Amino acid sequence: MRRMNGLAAACRHVLLAAAALTMAFPFYWMVTNALKSNDEIWRTPPTLWAQSPNWGQFAEAWMAAPFGRYMFNSIFVAGVIVILQCINSGMMAYALTHMKFRLKGAFTGLILLGYMVPSTAVYLPGYIVLSRLGLLDSYAGLIISNCVSVFSIFLVRQAFLQVSHEMVEAGQIDGASHFRILWTILLPLTRSSFAVLGLITFIDHYNNYFWPMLITKSQHLQLVSAGLRSFFVEGGAYGLKWPLIMAASAFTIAPLLILFGLTQKTIMRSFNMYAGASKG
Amino acid sequence: MKRLKWGEDLRALLFTLPAMLPLSLFWFYPLGYIIYLSFVEWDFMSPNKLFVGLSNYRALLDNPAFYQSLRVSLLFCLGSVVPVIVIGLAFALLLNRNMKGGAIYRLLMFSPWVTPTVAVSIVWSWIYEPEVGMANTLLRAFGLEGVRWLEDPAWALVAVLIVTVWKSAGWGMVFYLVALRNVPSELLEAAELDGAGSWRKFLNVTLPLISPTTFFLVIVQVISALQAYDQINVLTQGGPAGSTRTLLYLYYQAAFDSFQIGEASAVAITLVISCMALSLLSFGVGRKTVHYH
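Which chain is which? The protein sequence lines are A and B, in order. The UniProt record's numbering numbers the first residue of the first sequence as 1 and each following residue consecutively. The UniProt record's numbering numbers the first residue of the second sequence as 1 and each following residue consecutively.
To be clear, the hints were calculated from the coordinates, so they are not data collected in a lab. Treat each hint with caution, since some may be false.
[To be verified] Using C-beta positions, here's what the derived DEER-type ranges look like:
1) A:H220 <-> B:R97: 32 to 42 Å
2) B:G143 <-> A:G109: 58 to 68 Å
3) B:S55 <-> A:N38: 47 to 57 Å
4) A:A195 <-> B:E131: 42 to 52 Å
A quick note: this is a predicted structure, and the numbers were derived from the prediction, not measured. Beta carbons: idealized from backbone N, C-alpha and C, even for Gly.
Turn these sequences into a full structure, and let the hints guide you.
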């Protein structure tokens with residue numbers, strides 16, 4: 001019986017290792033191809049590791065397009081969006097869970113409706129709204145059009161519902177203002193939900209491509225995905241500079257893999273929350 | 001007392017304003033606006049929009065490209081949902097026991113999900129390169145012939161789907177890990193006492209207990225498949241010969257390439273209706289099939 005278990009465990013490890021290596025292979029392939037020379041990259045069969053790794057190609061790719069700017073744009077825009085969403089989701093969720101007011105039912109219904117509408121489907125009218133506001137092709141447009149998320153409101157609402165209403169009422173009887181209750185009672189109790197929310201929102205918006213690409217034209221406003229994509233298309237993609245393209249992809253992806261490595265536990269915890277939120 | 005109530009109403013509205021204002025501007029108003037746009041003829045430039053009733057919808061029903069994209073979208077949903085569920089569950093079952101190195105496996109399998117779709121799609125387009133790409137090198141190693149992944153209409157959708165599944169399988173896995181942890185071990189032990197083998201246990205105990213998760217994953221994955229854009233844009237741009245042009249891609253092309261705003265909006269409405277129907281379904285069924293707690 002013992003031996004059987006040992007065998008089963010070994011099988012399990014072999015299968016898992018194979019699966020994990022397959023999943024990670026594209027990342028490995030990206031890095032080795034970023035290190036190959038233009039001759040070597042076209043060799044058949046492909047070499048598994050660069051013969052004389054040229055680490056300088058990362059610097060070369062970095063200089064070939066304003067990647068510093070792209071990355072700054074992504075981090076800045078995503079960062080501001082995270083802050084705004086934490087604030088407005090927190091306030092909205094507080095009103096929906098711990099305040100009594102006339103339109104509460106209607107607002108909850110609206111949020112539910114917003115939850116069901118696919119965001120990509122309203123990109124066209126959203127674009128028209130943004131152009132009427134004169135916010136096309138600007139940081140303000142990139143930020144304001146993304147500064148609220150129905151999903152974030154949902155998650156925070158879920159977290160606030162777990163907080164007992166008596167605690168909030170006690171605060172209200174003591175004469176504390178709503179802001180004070182939100183800040184000193186609810187926020188400390190739900191800090192981990194906000195951490196998850198901030199992290200997931202940051203990743204989403206750092207990676208965002210379709211909408212930012214639609215509403216910006218200037219090169220200096222492009223987020224990193226759009227910048228990388230135009231480097232791919234213009235930079236002689238079809239054949240010429242593959243090692244540089246791989247290098248550029250690598251330093252676009254690297255910050256996220258590092259962030260994920262550091263915050264793995266928080267991100268994984270988010271799945272418990274999603275699963276909870278979906279149960280309504 | 002009455003005055004106090006009004007004050008509270010006002011304060012509550014103040015709390016909802018920072019969210020409701022942008023939501024109305026970029027979510028609710030656009031939703032109403034696109035319904036209106038689907039009933040007009042407009043080219044984006046001209047100052048007046050011509051009301052044409054249902055003719056945009058009729059044009060859609062006469063347009064073979066619409067049926068093609070409907071088919072592509074359906075295939076995209078099926079071809080991404082089923083593998084994500086099956087692979088995600090398989091990974092989760094393998095990982096379920098507390099084992100040495102489990103955290104590292106989980107990290108590697110999940111990592112594609114956090115990376116930017118555009119960047120990883122570019123990496124995949126190099127893997128799909130017909131002459132020296134890894135995909136064809138592998139096929140040849142098994143004695144098969146290489147494929148023109150991104151240029152052959154028979155393979156382009158498969159290529160896009162592989163990237164999509166690769167990116168989401170780890171995401172499905174994590175949900176299943178949570179669900180599997182919630183399966184009460186007493187039930188499994190009871191089944192074991194009744195003489196059930198591991199396959200029976202899986203089929204009769206585990207699978208029904210994790211069905212709410214499966215259902216949730218199907219709905220969410222279908223909705224995200226309907227909205228897939230980045231990987232299609234990088235890999236195939238809807239081609240070749242429309243073989244990867246989904247409903248969303250058709251909508252985007254009609255609106256921003258050929259400026260047929262009315263018809264584009266009609267396509268968008270079909271998307272909105274499909275997604276809303278799916279969400280409603282998930283709310284409805286979700287309430288009825290809560291297995292745990």
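Outcome of the hint check:
At about 52 Å, the CB distance of A:H220 to B:R97 disagrees with the hint of 32 to 42 Å. Taken as a hint, the range 58 to 68 Å holds for the pair B:G143 and A:G109, whose Cβ atoms sit roughly 60 Å apart. A hinted range of 47 to 57 Å for the beta carbons of B:S55 and A:N38 is consistent with their spacing of about 54 Å. Look at A:A195 against B:E131: about 47 Å separates their beta carbons, and that is inside 42 to 52 Å.
In this structure, the one hint that does not hold is number 1.
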